[in-house]
Amino acid sequence: MILVIQINQQKEKRQLGMLVISLAVIIILGTSLFSGCVQQQGQQGESIVLIGRDSTSGTREFFWTFVMGKANFSASLLEKNSNGAVQQTVSQTPGAIGYVGLGYVDSTVKALKINNITANVQNVLAGTYPISRDLYMFTKGNATGATKEFILYIQSTEGQAIVTQEGYVPLQNTSHYNTSGKTLSGTLTVSGSTTVLPITDKAATAFKVLYPDLTVTVTGGGSGAGISAVSQGTADIGMSSRDLQSSEQGKGLVKHVIAKDGIAIIVNPQNTYVTGLTLAQLKSIYLGEITNWKDLSK
Amino acid sequence: MVRIMMGKIHLPWKGSKIKEKGMKTLFFLSAISAIIVIFSIIFFLFRDAYPIFQKKGIVDFLIGMRWYPTGQPPLYGAFPLIVDTLLVTLGAMLIAIPLSIGSAIFISEIATPRIKAIIKPAIELLAGIPSVVFGFFGLIVLTTWLQITFDVPTGESWLAGSILLGVMAIPTITSVAEDAISAVPREYKEGSLAIGATRWQTISKIVVPSAMSGITAAIILGIGRAIGETMAVMMVCGNPTYGLIPNPITNVFAPIKTLTATLGIEMGEVATGSDHYSALFGLALILLIITLIVNILATIILGRLKERQRSGSKKQPIISFELGRKIKLSFYLFIGIIIVIILLMAVGIFPTVGILALIAVIYYAMKKISIKIKQKIAFSMISLTIIIVIIFLGIILAYIVTNGVGALSWEFIATGPSNLGRSGGIFPAIIGTLYLVAGAIAISLPLGVGAAIFLHEYTREGIVTKIIRAGADLLNGTPSIVFGLFGFAFFVLYLKFGFSLLAGQITLAFMILPTIIRTTEEALKSVPQSLREGSYALGATKWQTIRKVVLPPAAPGILTGAILGIGRAAGETAPILFTAVVFSDFIPSSVLQPVNALPYHLFTLATSIPGSKQNQAGTALVLLLLVIGIYLIAILLRNRFRKKMKW
Numbered sequence: 001m002i003l004v005i006q007i008n009q010q011k012e013k014r015q016l017g018m019l020v021i022s023l024a025v026i027i028i029l030g031t032s033l034f035s036g037c038v039q040q041q042g043q044q045g046e047s048i049v050l051i052g053r054d055s056t057s058g059t060r061e062f063f064w065t066f067v068m069g070k071a072n073f074s075a076s077l078l079e080k081n082s083n084g085a086v087q088q089t090v091s092q093t094p095g096a097i098g099y100v101g102l103g104y105v106d107s108t109v110k111a112l113k114i115n116n117i118t119a120n121v122q123n124v125l126a127g128t129y130p131i132s133r134d135l136y137m138f139t140k141g142n143a144t145g146a147t148k149e150f151i152l153y154i155q156s157t158e159g160q161a162i163v164t165q166e167g168y169v170p171l172q173n174t175s176h177y178n179t180s181g182k183t184l185s186g187t188l189t190v191s192g193s194t195t196v197l198p199i200t201d202k203a204a205t206a207f208k209v210l211y212p213d214l215t216v217t218v219t220g221g222g223s224g225a226g227i228s229a230v231s232q233g234t235a236d237i238g239m240s241s242r243d244l245q246s247s248e249q250g251k252g253l254v255k256h257v258i259a260k261d262g263i264a265i266i267v268n269p270q271n272t273y274v275t276g277l278t279l280a281q282l283k284s285i286y287l288g289e290i291t292n293w294k295d296l297s298k
Numbered sequence: 299m300v301r302i303m304m305g306k307i308h309l310p311w312k313g314s315k316i317k318e319k320g321m322k323t324l325f326f327l328s329a330i331s332a333i334i335v336i337f338s339i340i341f342f343l344f345r346d347a348y349p350i351f352q353k354k355g356i357v358d359f360l361i362g363m364r365w366y367p368t369g370q371p372p373l374y375g376a377f378p379l380i381v382d383t384l385l386v387t388l389g390a391m392l393i394a395i396p397l398s399i400g401s402a403i404f405i406s407e408i409a410t411p412r413i414k415a416i417i418k419p420a421i422e423l424l425a426g427i428p429s430v431v432f433g434f435f436g437l438i439v440l441t442t443w444l445q446i447t448f449d450v451p452t453g454e455s456w457l458a459g460s461i462l463l464g465v466m467a468i469p470t471i472t473s474v475a476e477d478a479i480s481a482v483p484r485e486y487k488e489g490s491l492a493i494g495a496t497r498w499q500t501i502s503k504i505v506v507p508s509a510m511s512g513i514t515a516a517i518i519l520g521i522g523r524a525i526g527e528t529m530a531v532m533m534v535c536g537n538p539t540y541g542l543i544p545n546p547i548t549n550v551f552a553p554i555k556t557l558t559a560t561l562g563i564e565m566g567e568v569a570t571g572s573d574h575y576s577a578l579f580g581l582a583l584i585l586l587i588i589t590l591i592v593n594i595l596a597t598i599i600l601g602r603l604k605e606r607q608r609s610g611s612k613k614q615p616i617i618s619f620e621l622g623r624k625i626k627l628s629f630y631l632f633i634g635i636i637i638v639i640i641l642l643m644a645v646g647i648f649p650t651v652g653i654l655a656l657i658a659v660i661y662y663a664m665k666k667i668s669i670k671i672k673q674k675i676a677f678s679m680i681s682l683t684i685i686i687v688i689i690f691l692g693i694i695l696a697y698i699v700t701n702g703v704g705a706l707s708w709e710f711i712a713t714g715p716s717n718l719g720r721s722g723g724i725f726p727a728i729i730g731t732l733y734l735v736a737g738a739i740a741i742s743l744p745l746g747v748g749a750a751i752f753l754h755e756y757t758r759e760g761i762v763t764k765i766i767r768a769g770a771d772l773l774n775g776t777p778s779i780v781f782g783l784f785g786f787a788f789f790v791l792y793l794k795f796g797f798s799l800l801a802g803q804i805t806l807a808f809m810i811l812p813t814i815i816r817t818t819e820e821a822l823k824s825v826p827q828s829l830r831e832g833s834y835a836l837g838a839t840k841w842q843t844i845r846k847v848v849l850p851p852a853a854p855g856i857l858t859g860a861i862l863g864i865g866r867a868a869g870e871t872a873p874i875l876f877t878a879v880v881f882s883d884f885i886p887s888s889v890l891q892p893v894n895a896l897p898y899h900l901f902t903l904a905t906s907i908p909g910s911k912q913n914q915a916g917t918a919l920v921l922l923l924l925v926i927g928i929y930l931i932a933i934l935l936r937n938r939f940r941k942k943m944k945w
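Going down the list, the sequences are from chains G and D.
Residue numbers are given in my numbering: position 89 of the first sequence equals residue 89, and the series is strictly consecutive.
Numbering-wise, my numbering comes out as the position in the second sequence, counting from 1, plus 298.
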């Protein structure tokens, strides 16, 4: 009897030992995390956090071709699936740098000067801001009916007013849009580049006022998604912030330029290390050669 | 009861034989639907993944170190993605296992009935929070908090993903573990207490070891849930561009990219039929195989447990005592070594030695402590786990309610979005969700109920029921994003439905089918056999008996299952991401048109539309209220049903 109880007590002790161990695990994890954070104290926002777009983005492809010279991005690049997500992450992360369309620059992020030229509409129009490109809409064959009217509307003075209002660069020498005598109905599906999305969304709202019987559906997804949707026939118009790639040619897609855009390089407003970069510095940052903001402010 | 028995029962007439046969065939067909679905999922994944395996070789695909499908040359190395998936799951389990098992012990052994009546539904509510709402909370609150608290460059990390997944796995593990603990025979406990053991001794020596296989199954199910989770990890893990194994491997603040997140980000944008497209299906196939293995393990363990209970625990335990002890020992040793390594890397050698010495001191001090104090310590730690779980729930709910309530207004509910959802309302998304859910339940309810009737009423337990049940179990364990990919490959592309309401409805229906089969079977089981025998004795046929005698009392149970299915369908994002949804103010007028839905609307606002904070929280709140409301109805209905059912 006594023996049994003793064995039980021993087991009991072992059990408790387990408990203590688990308690200790908690304490250890806590302290190691804490000490880890003590070690890193004072580095707030010093390490560069690279933010970029996912692999089907037109903005990424343009950036990759134009800025990176088709060299591979650093492996620490964090992918976001839209311009808005890049902007939002940069605004929340002190050490972050990202690239977005001009239309996405607002007070929550700081746009850097590139080669000492401020990123704005005037400088893109003047041709001095170095990172800019055309924005496109693609249709399968020549545009007809509602598709044609919608593209004409965006290219008109009224449409280009929306382009300006959204912070992009308008086309020059446009004429007024004329609705006289036309009626349109049915549905029009537009999908693709998130860079072009804000323009199309506003334009679609205005367009629906002109043609109340028409339903216009606008979705994002990225340039690649838009182009493949229009070539498969699941969308009427594919929005894109890049031209066709070799694998996308020969599918009967017709290109319509609808605006121009500069790509802004944005950092967190708390970033006091830099106000501008050269294209070479930008490339080194995205290659992962420069990983600390301090190295740039020297 | 009397009313049911008095109900009209027609005697068999001439045509009834054909009718009987017809009904049986119908039920059989719905029963095999689960198997057909799981096989077509595997078939379509394999069909679309095959080209990449053929081109790059399965081995290169599995062990390649870089995922860069758009590079020159494109790289298809799934290894970092697989490792990251396993790491985030491991982290989630380190958080979820102690918390859920503590909670399960608390609910079944320690809590007074009144506390239990509050805590149990609270944990079930945690299960009702949609994954995209967790992701939203993680993206806005958790990652920012991690980034500031630990002063790391970015909070989007392994740790963030693990915390969210851990919290999400808690309800799954807790409820299965609690069932296992509650199923331990009373005599065991009584015997232990009678020979003078304390309550804690009884729990730790008798109850938990007896329930061990059930608890193991619970953990495995939790792992399955965590591996397959998409939206939350996609939103908080950072997603480094080529897939990145943390360096050093213990760096919990490293951003990671899981299999599910890669699918979620890249699938919607890839050119169909390309190598990249095929490679994504390859990833989905890997994911499906991992989760299938995990779920088969759980099913086997749970099956043996049931067998053992039926045959009265005379058989050998699954793991012998000796082996069990060895496994336990090596497990603790393993954990210990990992912790020491972490410590060495984090704080250096001297603090490590200090901490180890401290542990040793505490360990020996604890050995001197009396049994009663030990019990107190143990019980307070268990209570602590449940408090932590409730605090998690509280923080998430409080954040969403306080931020979302400002956006709520009649306009928000009843008008469409404007300015890309920054202003205006969410009416089209609400309608879209209702359409999707209504279609899904209309498809899956007849199928699921038919399958359950066939399983329970028409066949004896045997090879056929085993196969059908296995099919339903596998379907239950299939990650929601895999349903999404299947829906995309089969309905959208192969059947040419396009992005449409119909494709989304059927995909969701398949996802909730196993839930409905299981709950209906439970409901049928609760109808006593004597009722059926009485009906047959009066000359009623099988189908008449089922329709007039079995189904009416089982209806509330079936309804509960349907409501649980509705709740799940309303909150899921991944299955409809590539089959049905568009971000717009568009209300479809036919099933072949695309649709907006609440979870997708929230996902898009949270990840793509800056300056929509107010409407994000508002959408999250509406979605949460909708799903939790649905779950609450199911819980209330179940409790009422349980109380009323006395035969």
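Because the hints were derived from the structure by calculation, they are not lab data.
Predicted, not measured: the structure shown is a model, and the values here were computed from it.
A portion of the hints provided could be inaccurate.
[Stated by the list, open to error] Listed below are several chain D residues computed to face chain G (Cβ distance under 8 Å; list not exhaustive): (1) Pro-367; (2) Gly-369; (3) Glu-454; (4) Ile-504; (5) Leu-542; (6) Pro-544; (7) Pro-553; (8) Glu-564; (9) Gly-566; (10) Ala-569; (11) Phe-797; (12) Thr-843; (13) Ser-888; (14) Pro-892.
Heads up, the beta-carbon is just placed ideally off N, CA and C, and yes, glycines get one too.
Margin query: I'd like to know which numbered hints this structure contradicts. Please list them from smallest to largest.
Written below: Numbers 4, 6, 12 and 13 - these are the hints that the structure violates, sorted from lowest upward.
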